[in-house]
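Novice: Work out the full structure: start from the sequences and follow the hints.
Residue numbers (the numbering used here), protein chains in the order written: chain A, 4 to 274; chain Z, 4 to 274; chain P, 4 to 274.
For chains that are exact copies, the list does not tell them apart, and a pair is met inside one copy or across any two.
Once the Cα atoms are required to be at most 20 Å apart in a straight line, the calculated SDA-like pairs of lysine to any residue come out as:
#	residue 1	residue 2
1	K23	E147
2	K197	R21
3	K81	D56
4	K81	P55
5	K23	R144
6	K166	G122
7	K23	S142
8	K23	G196
9	K23	V149
10	K262	R20
11	K166	D183
12	K23	G174
13	K23	A243
14	K197	E22
15	K23	A193
16	K197	Q17
17	K197	R20
18	K23	K197
Quick caveat, the hints were computed from the structure, so don't treat them as lab data.
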Amino acid sequence: MDTNLADKAAHNLQAVRREKPLIHNITNFVVMNFTANALLSAGASPVMAHAPDEVQEMVELAGALVCNIGTLSDEWIKSMELAGARASSLDKPVILDPAGAGATSLRTNSALLLLARCGISVVRGNASEIRAITERIESTRGVESVDTVDNAVEAARRFAEEKQLTVAITGANDYITDGDRRVYVSNGHALMGKVTGTGCVATTLIAAFSAVDRDAFTATTTALSYFGLAGEIAAQAAHAPASFATALIDALYTITPEKLADGARIELSQQ
Amino acid sequence: MDTNLADKAAHNLQAVRREKPLIHNITNFVVMNFTANALLSAGASPVMAHAPDEVQEMVELAGALVCNIGTLSDEWIKSMELAGARASSLDKPVILDPAGAGATSLRTNSALLLLARCGISVVRGNASEIRAITERIESTRGVESVDTVDNAVEAARRFAEEKQLTVAITGANDYITDGDRRVYVSNGHALMGKVTGTGCVATTLIAAFSAVDRDAFTATTTALSYFGLAGEIAAQAAHAPASFATALIDALYTITPEKLADGARIELSQQ
Amino acid sequence: MDTNLADKAAHNLQAVRREKPLIHNITNFVVMNFTANALLSAGASPVMAHAPDEVQEMVELAGALVCNIGTLSDEWIKSMELAGARASSLDKPVILDPAGAGATSLRTNSALLLLARCGISVVRGNASEIRAITERIESTRGVESVDTVDNAVEAARRFAEEKQLTVAITGANDYITDGDRRVYVSNGHALMGKVTGTGCVATTLIAAFSAVDRDAFTATTTALSYFGLAGEIAAQAAHAPASFATALIDALYTITPEKLADGARIELSQQ
Numbered sequence: 004m005d006t007n008l009a010d011k012a013a014h015n016l017q018a019v020r021r022e023k024p025l026i027h028n029i030t031n032f033v034v035m036n037f038t039a040n041a042l043l044s045a046g047a048s049p050v051m052a053h054a055p056d057e058v059q060e061m062v063e064l065a066g067a068l069v070c071n072i073g074t075l076s077d078e079w080i081k082s083m084e085l086a087g088a089r090a091s092s093l094d095k096p097v098i099l100d101p102a103g104a105g106a107t108s109l110r111t112n113s114a115l116l117l118l119a120r121c122g123i124s125v126v127r128g129n130a131s132e133i134r135a136i137t138e139r140i141e142s143t144r145g146v147e148s149v150d151t152v153d154n155a156v157e158a159a160r161r162f163a164e165e166k167q168l169t170v171a172i173t174g175a176n177d178y179i180t181d182g183d184r185r186v187y188v189s190n191g192h193a194l195m196g197k198v199t200g201t202g203c204v205a206t207t208l209i210a211a212f213s214a215v216d217r218d219a220f221t222a223t224t225t226a227l228s229y230f231g232l233a234g235e236i237a238a239q240a241a242h243a244p245a246s247f248a249t250a251l252i253d254a255l256y257t258i259t260p261e262k263l264a265d266g267a268r269i270e271l272s273q274q
Numbered sequence: 004m005d006t007n008l009a010d011k012a013a014h015n016l017q018a019v020r021r022e023k024p025l026i027h028n029i030t031n032f033v034v035m036n037f038t039a040n041a042l043l044s045a046g047a048s049p050v051m052a053h054a055p056d057e058v059q060e061m062v063e064l065a066g067a068l069v070c071n072i073g074t075l076s077d078e079w080i081k082s083m084e085l086a087g088a089r090a091s092s093l094d095k096p097v098i099l100d101p102a103g104a105g106a107t108s109l110r111t112n113s114a115l116l117l118l119a120r121c122g123i124s125v126v127r128g129n130a131s132e133i134r135a136i137t138e139r140i141e142s143t144r145g146v147e148s149v150d151t152v153d154n155a156v157e158a159a160r161r162f163a164e165e166k167q168l169t170v171a172i173t174g175a176n177d178y179i180t181d182g183d184r185r186v187y188v189s190n191g192h193a194l195m196g197k198v199t200g201t202g203c204v205a206t207t208l209i210a211a212f213s214a215v216d217r218d219a220f221t222a223t224t225t226a227l228s229y230f231g232l233a234g235e236i237a238a239q240a241a242h243a244p245a246s247f248a249t250a251l252i253d254a255l256y257t258i259t260p261e262k263l264a265d266g267a268r269i270e271l272s273q274q
Numbered sequence: 004m005d006t007n008l009a010d011k012a013a014h015n016l017q018a019v020r021r022e023k024p025l026i027h028n029i030t031n032f033v034v035m036n037f038t039a040n041a042l043l044s045a046g047a048s049p050v051m052a053h054a055p056d057e058v059q060e061m062v063e064l065a066g067a068l069v070c071n072i073g074t075l076s077d078e079w080i081k082s083m084e085l086a087g088a089r090a091s092s093l094d095k096p097v098i099l100d101p102a103g104a105g106a107t108s109l110r111t112n113s114a115l116l117l118l119a120r121c122g123i124s125v126v127r128g129n130a131s132e133i134r135a136i137t138e139r140i141e142s143t144r145g146v147e148s149v150d151t152v153d154n155a156v157e158a159a160r161r162f163a164e165e166k167q168l169t170v171a172i173t174g175a176n177d178y179i180t181d182g183d184r185r186v187y188v189s190n191g192h193a194l195m196g197k198v199t200g201t202g203c204v205a206t207t208l209i210a211a212f213s214a215v216d217r218d219a220f221t222a223t224t225t226a227l228s229y230f231g232l233a234g235e236i237a238a239q240a241a242h243a244p245a246s247f248a249t250a251l252i253d254a255l256y257t258i259t260p261e262k263l264a265d266g267a268r269i270e271l272s273q274q
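Specialist: Below you can see the structure in the form of structure tokens.
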């Protein structure tokens, strides 16, 4: 266990609860309610805004921006580009969720476009989505991974190094790298895969912690260990997906910094 | 306590359960599911429709219209304008939720445009949103208030008087005025602020009661005391946001008119 | 009771859990989260995609397509048409939910257009929606039926025969016909009418079973008995709408094929 990163996670959770950062989400229709509630329970403040006429103004108020392409269309991509470029010019973190990259060329290309133009600081996806971006392997089945985290690790590390950003691959274990540092987070529970939008929640929590921790790598390890721990706690109370989803959001609210410092399972990786 | 207004609330709840008014919502993506479920539990019938080609036809079937600008875009504003104008010409109540007014100029201007063109009968917002409209103070942080209800009260009363409509400012206590009458509703619970869309639910419940009570002021006091009481009941069963949200909708369903007459806390205000 | 159809339902549930079919949904904003979670709990894999630029590519990956017009606009209808035509040319099942047909002419006409152009295999609606399509009786109130299943049965049977598809009318009892065969499914619970999107969940479950059972009629009887049984189980645990909705999704997850074979109530109809 890396206790420094666990302590950092506890510190970051305190900071989110104290500073209540505003997180601007341009995200998909399926998860808007769920991710907004996750942010509120974590202690952050969500706003969803996608009109090209207002995204630049909105992102100026925000501590971080989420671009999630889960139900994209041309106009929404344009809004993400506008908001991302403005956020980046203001040195605000921009977190990309390439939901479904690898399933259609529109999704893969949109993710690559945003990476090229928006100063992305963290990309979070499942193994198939990350491989679609880092290796151009088009294998995603809808928004579901058909690949294992381990298979995506090496190309992710190279991509992170080359593009100078943090890549997070979520799955049974999560892998996080900024090209130099790399860790596995082993918190989590299998029922998280039975609730739609848990990946998107992970992404928006990365944004929340990025707003208070300018080290994108440690903001990401915080988010994924905190969310995984919430999954473990939820699974003690609930054994089926919908009651589990309720317990999951509740756990984001009840986890204390101390509990997170104790429960975070973050290990250095050799890969 | 104003027992007349509490009795009126009980009477209005009976009427909604009996008449099951159809409420046409043009609202934001984040809360559509939550507000539809709130209306169903209250006893009303929700419909969401935003296509410019159908909103005028749909609103003819409805008892009231909600215009909520929480995730607006140009086309949706146009639809709200079309539906609002038709509703107004048919003498149906139109309820405005200026979600995020004061955060971006698009939102403030859209709210003002709808106020100018749609015969709005009630505006409900948090203190910052209401001040953005009544005093042009642009201070909203995303969709979150940075102001107190008390600071917004005086301008709200003048605005209500001048525009001949009802203004509701929701917060720890809710303030409601039609320019002449003014009350505080002290029902509610702090966890309501930890669930996304509770403000939007308040707005859509105002619409439901406006469909059965042509006095917009008493329809509004009914909605806010009823919803606040549901929050109090939910807080007895649940101590974290997601289970609280479930209990909140359940409470809308289980509150009887008698319970509402007993539990409504509505007081006359001197301001 | 038709035990053959109940056994077929059990067999189909096993097949969905084994094959995890990808279900492509072009559906309304209100229910996206709820229907995605229903599919996951049933054992299928949901994806929501509506961009005209990607729907044809996405549907190639899918086992079935849902077109639901609940919050339609021109562009979404175009996407449904594109995806439906492609799905049909690939011999994949296309399931239509004419949500709100009969309430506005845009909805009725859109449903008829999709029926004419997309090789629809199953239409599922409430009595008013089905009558809007099969008899051009425009009586729907928002998305709520004002008619009884029995009144819609005869025209539905003729329509199914003429168009060579399956029609499902859901209500207190569900009626299903392919023109030749016809049954009533009497599973279900009244609280299902107090949760938004239960009809849409029924539709998407029909798609899930259609992806593993090429007989659209038995796929539909499976979906409606399975979902109705989930409602009965949920009602044992919960007595108000929001906790009921949670228990309903949970029940989709916990129902075993054996439980479904025992609990399915499907009876042959003479009509």
